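Respectively, the protein sequence lines represent chains A and B. Counting in my numbering, the first sequence runs from 1 upward without gaps. Counting in my numbering, the second sequence runs from 1 upward without gaps.
Don't take every hint at face value.
[Said to hold, decoys possible] Facing chain B, from chain A, some residues (calculated, C-beta under 7 Å):
id : residue
1  : Arg99
2  : Gly102
3  : Asn104
4  : Arg228
5  : Ser245
[Unchecked claim] Heads up, simulated DMTMM-like pairs for lysine to aspartate or glutamate below, C-alpha to C-alpha not over 20 Å straight-line:
id : chain 1 : residue 1 : chain 2 : residue 2
6  : A       : Lys231    : B       : Asp422
7  : A       : Lys231    : B       : Glu84
8  : B       : Lys332    : B       : Asp47
9  : B       : Lys231    : A       : Asp160
10 : B       : Lys75     : B       : Asp50
What the hints contain is simulated information worked out from the structure, not anything from laboratory work. Being a predicted model, the structure only gives us computed values, none of them experimental. Just so you know, even glycine gets a beta-carbon here, dropped at the ideal spot from N, CA and C.
2 protein chains.
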Amino acid sequence: MTMKTFIAATILLAAPALAQPADRMATAAKLRDTALASNPAWPLLVDLTDSVGPRMAGTEAEARGRVWAKAAMQKLGLVNIREEAFPITLWQRGTESARVIGTNHPLVITALGNSGATPAAGITAPVACFDTLGALRAAPDTAVKGRIVFIDHRMTVTQDGSSYGVNGGVRRSGPAIAAQKGAAAVMIRSLGTDFHRNPHTGGTVFPAGTTPIAAVALALPDAELIGRLCKRGPVEVNLVSTPTSQPGQSANVSGEIPGSVPGEIVVMGGHLDSWDIGQGVFDDGAGVAITLAAAATIKASGQPPRRTIRVVLWGSEEIGLVGARAYAEAHKTENIVLAGESDFGADRVWRVESRVAAAGLPLMAEIAAVLAPLGVQPQPGNASGGGPDVGPLAALGAGVLELGQDGTRYFDLHHTPDDTLDKVDRAQLDQNVAAWTAAIWLAASDDRPLRTK
Amino acid sequence: MTMKTFIAATILLAAPALAQPADRMATAAKLRDTALASNPAWPLLVDLTDSVGPRMAGTEAEARGRVWAKAAMQKLGLVNIREEAFPITLWQRGTESARVIGTNHPLVITALGNSGATPAAGITAPVACFDTLGALRAAPDTAVKGRIVFIDHRMTVTQDGSSYGVNGGVRRSGPAIAAQKGAAAVMIRSLGTDFHRNPHTGGTVFPAGTTPIAAVALALPDAELIGRLCKRGPVEVNLVSTPTSQPGQSANVSGEIPGSVPGEIVVMGGHLDSWDIGQGVFDDGAGVAITLAAAATIKASGQPPRRTIRVVLWGSEEIGLVGARAYAEAHKTENIVLAGESDFGADRVWRVESRVAAAGLPLMAEIAAVLAPLGVQPQPGNASGGGPDVGPLAALGAGVLELGQDGTRYFDLHHTPDDTLDKVDRAQLDQNVAAWTAAIWLAASDDRPLRTK
């Protein structure tokens, strides 16, 4: 280094000049197009999927996922790579089978996370059929006691995923409601929008004081069958599901592109854990690969951001945002100005949402403008919830950036064995990387306040 | 009965007048439209599916299928209802699992019919990867011996199902070829066109002198995974599949609408057995329901046919046309002038084919004319093979009528857990019934020769 460049560098470090808005926009557009042309997420997603496999929270596979993530971060040039452990309850599925008594109809099922176990030989009991969660709530205990409750509650396709919010209670609360009424076990119609023989798992919740009972989801065709049989007359089912719970450990992984001004952090990421029955691609290998690829594109550009960009790969999301809560608690004193998660598959970003301080809204408009050529539209309202793992950070005041993905087919695949690599549309995956690259670079090259408290 | 009507009836029986061609065409068109409007197959298909369940050849479920079929025939007004037993080898799947060593990738598999067994703990061995059946054929024994052979042979979608013929050898012959080269076991890419986590089973053949080895099909996403892993480096798999074989029994079921002139028989039907992993709807509950519904429509019209119409519901088709062979042998002295099977799903008939005596070709043209308003086109050539179960009858000289169904999505569902009732498009199912009703009534109201020898 010559004295001249040393002085120039020193000045730059001492008082980093903020680039003009037009320059920032031009740089963001260039980064966006670089990302779009270089397809950096696909090899990461293939490698994570194939070399690690499904990554159930608390398992050795999730741990191998962290080893993979740290090596990937190092290779991509991130620094300050950290692994931060936290305790979890390790829930693992056991033997699973179900059949209709009197015919030889097998039922394709999957146990719900946190659910209880049947005896090894299963439970054989009459089925109490309910069309909706509301019907179960309204039923007298006598209609439920000792029975296998079947909840045929349906969800429909929504581009924004809102039907998951509206109908999610059937899985989260249905089993506990049935248990409180004395049910022997619970079968729900999978929270899903496909009609394949692939059931949708997911977490359920038994509040303190409610003893967990066996609870499974039926594949949609099997729910259709039970629904039809319920209309014909009495139905009896044998159900076997023998999961176990024990103390376990998980961890979050993070790595950074340091900003030129210390003390302001922009977080993006996905979650490393997945359900065990698929390959964890749409949920959420894609989010991991997309945000790592976005960071790598920024890093490779040689244009250091003003704010520190931190990629956080949360652990144990699926079993109840355990990693997200631990992360927020451990980092509550940091100045995380903005956080966003990619956790809605691998399909196209179609809108950009935020929840930031009013002073940050012009920045959000600039982000929307740079993403517009990707077919992304702004979502009015500044009331985004952000992805699931940013919720606890947002509750502490972090601004929220949400790049909303097209969820039209997300709940065909979500939490099923069908969440596999072949489902990924590479052009749409690339579009995600381009959107994150440009948006995060713009946010990190800015100095307007974003935190909401 | 008065003397006058007795005489009239006697004259009619002694010399049944053949209706004029234009009248026959008009009657056939009316029957076609009646069938289309009355949706008679759907309730039959629902009842068979739901009350019986999957009907694996030789099992108690197939026997319950026959009880169902005889009751349905009786209710629909068929007579001369018969059950004709024959011996089979009862093959039943056992425990099935597979996983990639070194990761926790489970593989979704299904054993192939007639395949051999691994030990209970399975076989753990390196995988020998072949892109095609031809590559396996060409490989030296040393590349195969002691390994788990993986054949990644692909098929594509064809409307007429011809890709099943072209590529079927991978399932039928691949395992035996691998066994002859010393393979420990075989995994094939499912013979299928979907990308869901539902493997395609089906029969394989080990010729005399070749000891059966374990042979399974991988779901397409799992075949994709193994294909990718093969390109990365050595792959090792643990494979468990413990099917059993023992002597068993199956049967064919038939019922008739007697013709006014004895001694000429027109056969239509489907097969009652199904694979065990689906609900046996597309293969072949639909064919059973369609042909029963067509017969019922003709019966209900009160217009007795000239030739006897016989609905034959074959047993044990899936494990090698055992019922079809037994049926042809038992009925070889009968004058079966025409035979057709509905065994290609529940989607629309798009073409009509035949293989009949030259004198019968004008009748086939009349059938094509009556089916044209249903969107059915004639297939030139008079060289139809007919459905699988009519093959042995055709070999003995029976004429063949084939109502070719649209197979575009057939091999998405064929032999998979995904062969379930929800996949049926009821409008297309109705169109099938209309086509069979009109075609079979025309053939049975005619007197032109159809047999080929």
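Taking the hints in turn, this is what the structure says about them:
Taken as an interface hint, arginine 99/A does not check out: its beta carbon lies about 9 Å from the nearest beta carbon of chain B, beyond 7 Å. Here the hint on glycine 102/A is broken, as its CB sits about 9 Å from the closest CB of chain B, past 7 Å. Against a cut-off of 7 Å between C-beta atoms, the interface hint on asparagine 104/A holds, since the closest Cβ of chain B lies about 5 Å away. At a threshold of 7 Å, the smallest CB-CB gap from arginine 228/A to chain B is about 6 Å, leaving the interface hint in force.
At about 19 Å, the closest approach between the beta carbon of serine 245/A and any beta carbon in chain B exceeds 7 Å, and the interface hint on this residue is violated. Restraint check for lysine 231/A and aspartate 422/B: satisfied, since their Cα atoms lie roughly 16 Å apart, inside the 20 Å limit. Our distance criterion of 20 Å between C-alpha atoms is broken by lysine 231/A and glutamate 84/B, whose separation comes to about 34 Å. Between lysine 332/B and aspartate 47/B, the direct Cα distance comes to roughly 33 Å. Violation of the 20 Å bound is thereby established for this hinted pair.
With a C-alpha separation of about 38 Å, the suggested pairing of lysine 231/B with aspartate 160/A is violated against the 20 Å cut-off. Taken as a hint, the lysine 75/B and aspartate 50/B pair is honoured in the structure, with Cα atoms around 18 Å apart against an allowance of 20 Å.
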